[in-house]
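Here are the chains, one letter per residue:
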Amino acid sequence: MIALCDLTAHEALDLLRSGEITSVALTASALDRILAVDNDVCAYLTLTPEQALAEASAADALRRAGQDLPLLGIPVAFKDNLSTRGIPTSCGSRMLDGYVPPYDATVVRRVKEAGAVVLGKTNMDAFAMGSSTENSAFFPTHNPWDLARVPGGSSGGSAAAVAAGEALLALGSDTGGSVRQPAALCGVVGVRPTYGLCSRYGLIAFASSLDQVGPVARDVTDAALLLGVIAGHDPADSTSRLDSGSDYTAYLARKDLAGLRVGVLQSHPEDGIQAEVADATRRALKTLRDLGAELVDVSLPHGVYALSTYYLIAPAEASANLARFDGVRYGFRAAADTVEALFSRARGAGFGPEVKRRIMLGTYALSAGYYEAFYIQAQKVRTLIRADFDAAFEAVDVIVGPTSPTTAFMLGERVADPLEMYRADALTLSQALAGIPAISVPCGFDAAGLPVGLQITAPEMQELRMLQVAFAFEQATDWHRRRPSLIESS
Amino acid sequence: MEYEAVIGLEVHAQVHTRSKMFCACPVVPDTGNLPPNTYVCPVCLALPGALPVVNRQAVALGIRAALALHCAVQPLSVFARKSYFYPDLPKGYQITQYAHPLARNGYLEVDVSQRFCRIGITRIHLEEDTGKLYHGNDGTRVDFNRAGVPLLEIVSEPDMRSPDEARAYAMALRDVLVYLGLNTGDMEKGMIRFEANVSIRPQGSGTLGTRTEIKNLNSFRALSRAVDAEIARQIAILNSGGQVTLKTLGWDAAGEQLFVQRNKEQAHDYRYFPDPDIPPLAVTPEWVASIAASLPELPRARKARWVAHYGLREEDAALLVPDRALAGYFEAAVKHGLGCGVAPQDVANWMTGEVFRLLKARTSGITGARVSPERLAALLRLLYVEDAINVASAKKILEVMFETGESPERVVERLGLSQISDPALLEAVATRVIRDSPTQVAQYLDGKEPLIGWFVGQIMRETRGKAEPGQAQEIARVFLERERSNRF
Ligand SMILES: [Zn+2]
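Chains as they are written, first to last, in this note's numbering: chain W, -13 to 476; chain U, 726 to 1213.
Treat the hints with caution; some may be incorrect.
Claimed, not checked - Mimicking EDC-like on lysine to aspartate or glutamate, the simulated pairs with C-alpha atoms at most 20 Å apart in a straight line are: (1) U:1120 <-> U:1099; (2) W:342 <-> U:994; (3) U:1060 <-> U:1048; (4) U:989 <-> U:920; (5) U:857 <-> U:868; (6) U:807 <-> W:358; (7) U:940 <-> U:1099; (8) U:914 <-> U:868; (9) U:940 <-> U:913; (10) U:1120 <-> U:1134; (11) U:857 <-> W:326; (12) U:807 <-> W:326.
To be verified - Restraint-style ranges between C-beta atoms, simulated for each label pair: (13) W:331 <-> U:982: 33 to 39 Å; (14) U:986 <-> W:331: 21 to 27 Å; (15) W:353 <-> U:967: 27 to 33 Å; (16) W:331 <-> U:845: 43 to 49 Å.
Calculated from the structure, these hints are not laboratory results.
Bear in mind the structure is a predicted one, so any value in this text is a computation, not a measurement.
Every residue, glycine too, gets a C-beta built ideally from N, C-alpha and C.
Taking the hints into account, I'd like the entire structure generated from these sequences.
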């Protein structure tokens, strides 16, 4: 018999609704799993077990009183860059070690209002800058499929927690691939929604024009469920869209994919796509064709500039977003005699090397004399990338390809080479720049038994179409049912 | 060589909104004893994850100012981040407008010592205020109650040529902002702050000299004194063969001295870029039109109308116009007065004299005064139209009215102050006084004519002040002269 914590959220909800299990039992199961594996996986930065059990028991009481909510009694985890009232929120950095927000991020509030039980906060690359979770100031997270490997990043803690049964659902954030890439590397489902679909209020900003909160789940139904809870306009976020999301779960199932036009990108050698990833992607495309979809070649002529565009815009915005961490009001503070010393010591000691590198890059890109050549130029290319997608979506309904060029790499393997690390996001950056939704779903394994992710990209606000295609693919395959062996031994 | 000064002003004015520029925290007047950091929230404290939301009321008031200053309101303006580190700047950047301001290309008409100037307005934009630092013996503390309060920055063209012009422009701008209801005009509380750009050039030259910037000028006096000092400094440099260099200066108001804040090489690179948290601000023509429709008559136009229609003296109009409540009161009193024959200039005289004096003694201001404009007009009618009271009585009556809120008629009746204007009565009193004062009459007739005042005083005393002094003097003179002709 499988442990309760290995159920998907929708399976668990069925059992909770029929009274076969309680939220307390479900939550206790997740906490047991955390106890059993998290010494090795290191997915969590902060755990709130007593609070979680109290919330579970309150959820059970509500249910007994005849109430139901979309996530009533489901144990979830939040990436540590989402503000949680009363729960430390470090953003994976020394800079915010010990900081306890006085307010909940809008998405956190919505998940709590939907009845979820909060297990804790998950590890991440400091300030979401990284693709392996090795930039966490505290410790790296390990991939549940192979503890010697990275879980991806920056939402590596959320992806590893969901993969290892340490949470049924989790929220991550995706700036250039930070939900989709770890989801792919950990064999789970990860969604990057349309920019503006989910509120950023309370999400500690990395790059404001790119940041989006997204669900991490074990299957497409769960991802759709969680997305439905967090989506929707928020007056506290001026970039939040007025046209809201919908109940994605109600319309997931399609008989087949007849008439669906699937765009296929020709890969470039410089993408460095691992042969097994390419194979798995080919097989996935064949599955989609077998379901009735028509495969159409598409091209994104400016896609090759996505990496350089992203690494101008994101650091530029980050350089200003991270200016508030000055040691004056909260977070890391070093003793100093002058204001300048206070600033430079707090920032010098509070930020890690990757954060400093990106602040330097961004500061440079915005400097007088360089602004036009770098930042403005990057914004122009961003517009061209968006136009590429608009043109492609004239001919196709979705675009399908790999999420990550490779499967999970070894811990430490890319630490010394930032550019090599940046390439891990090569296939997820252009959607972020275009502000359009994409999902990563499990689509196979490499020879080492590591999961491969398939990325499905849809036009702006076409989350439902994207989820339907992902769901149909999932129904036709069983990759998402596989669990890391770590679980059986626990 | 003769030099000409070229001066431009940047004016920062607080915008009187209910809540701050980008959050829901209330804007509370700085009384000086507000507990620090009590009107703050995640947004204005720049807690991680907090996001700004533009205050529509601040935008509306900004548009109001733009229209009053004849500017073109931009259909699309953009909020930008201005980055620098300072402990009173919570986000490490200020949200302001840079490349795309709210409004451009306007002007303000100003009267400088009887001469009329039109000062160009380059741009108007919205931004947020910073917190405040308090330096003490035990260190520096920071209060964020003011952080995020909306500010309007109004940048003029370098159209002013003297400290007087700069001062006149600043005052006229202050009056406009106060009229529009978007600022209290309270300079002492820093509601309006100035920065001046100053350069000089040979008289008649068409090119601009190197300019310096004087920051944080908090009064009209500081503004004109600092600009004056800077012009003198630059002339001295050029006359001694030197060159003016780009500098940011400060003004020590107590010592009346300029000091250098920053030299050119220390200039900040603010790294402006559009704030990705705030979509471009769209202002529809309908919105602008609805604000334009509610624009009040502005101080200069009102003054001109009073002079033209009421025949008011310029200087009295200038005294009565700036305070909108006072001006409204005056205008109401004039309207009531015109209905019953009281001249507007008489109303103005009483406003700038007695009413100002009585208001000064009270803190409530004109809006809290217990005398309505209608009753002020009624009092002046008793004085000037009906001759029922004299000036001294009228002053006394007005004072009582301010105390009790009674009507002038009621005060006259209660205190028995109605004036004796019946000549027969006054003549009887004068006859009695002359009969009873033979010594003084003899002295007067001997040539000690100033004694006439003594006789008037006696008549006033006999009538308990109800006689009209002019009339009393006239009767005394006639009777004394009649006495003279009787004796010879
Ligand atoms: Zn606030």
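Here is what the structure says about each hint:
In summary, the hint linking residue 1120 of chain U to residue 1099 of chain U is supported, as the alpha carbons are separated by about 17 Å, within the 20 Å threshold. Note on residue 342 of chain W and residue 994 of chain U: the hinted pairing holds, with a Cα-Cα distance of about 19 Å set against a maximum of 20 Å. Distance restraint check for residue 1060 of chain U and residue 1048 of chain U: the Cα-Cα separation of roughly 18 Å lies within the 20 Å cut-off, and the hinted pair is therefore satisfied. The straight-line distance between the Cα atoms of residue 989 of chain U and residue 920 of chain U is roughly 17 Å, inside the 20 Å bound, and the hint therefore holds.
Taking the CA atoms of residue 857 of chain U and residue 868 of chain U, the gap is near 5 Å; set against the 20 Å cutoff, the hint holds. Between residue 807 of chain U and residue 358 of chain W the alpha-carbon distance is near 16 Å, which keeps this suggested pair within the 20 Å criterion. A threshold of 20 Å between alpha carbons decides the hint, and for residue 940 of chain U with residue 1099 of chain U the separation of about 46 Å lies outside it, so the pair is violated. A hinted pair counts as satisfied when its Cα atoms are at most 20 Å apart, and residue 914 of chain U with residue 868 of chain U qualifies at roughly 15 Å.
As the CA atoms of residue 940 of chain U and residue 913 of chain U are separated by approximately 16 Å, the hinted pair is consistent with the 20 Å bound. Proposed proximity of residue 1120 of chain U and residue 1134 of chain U is supported: the alpha carbons are some 14 Å apart, at most 20 Å. For the proposed pair residue 857 of chain U and residue 326 of chain W, the alpha carbon gap of about 18 Å is at most 20 Å, so the pair holds. Annotation: proposed proximity of residue 807 of chain U to residue 326 of chain W holds, straight-line Cα distance about 19 Å (limit 20 Å).
The given range of 33 to 39 Å is respected by residue 331 of chain W and residue 982 of chain U, whose C-beta atoms sit roughly 35 Å from each other. Taken as a hint, the range 21 to 27 Å holds for the pair residue 986 of chain U and residue 331 of chain W, whose Cβ atoms sit roughly 25 Å apart. Between residue 353 of chain W and residue 967 of chain U, the C-beta spacing of about 32 Å keeps the proposed range 27 to 33 Å intact. Our hint of 43 to 49 Å for residue 331 of chain W and residue 845 of chain U holds, since their Cβ atoms are close to 47 Å apart.
Violation of the numbered hints given earlier is confined to hint 7; every other hint is satisfied by the structure.
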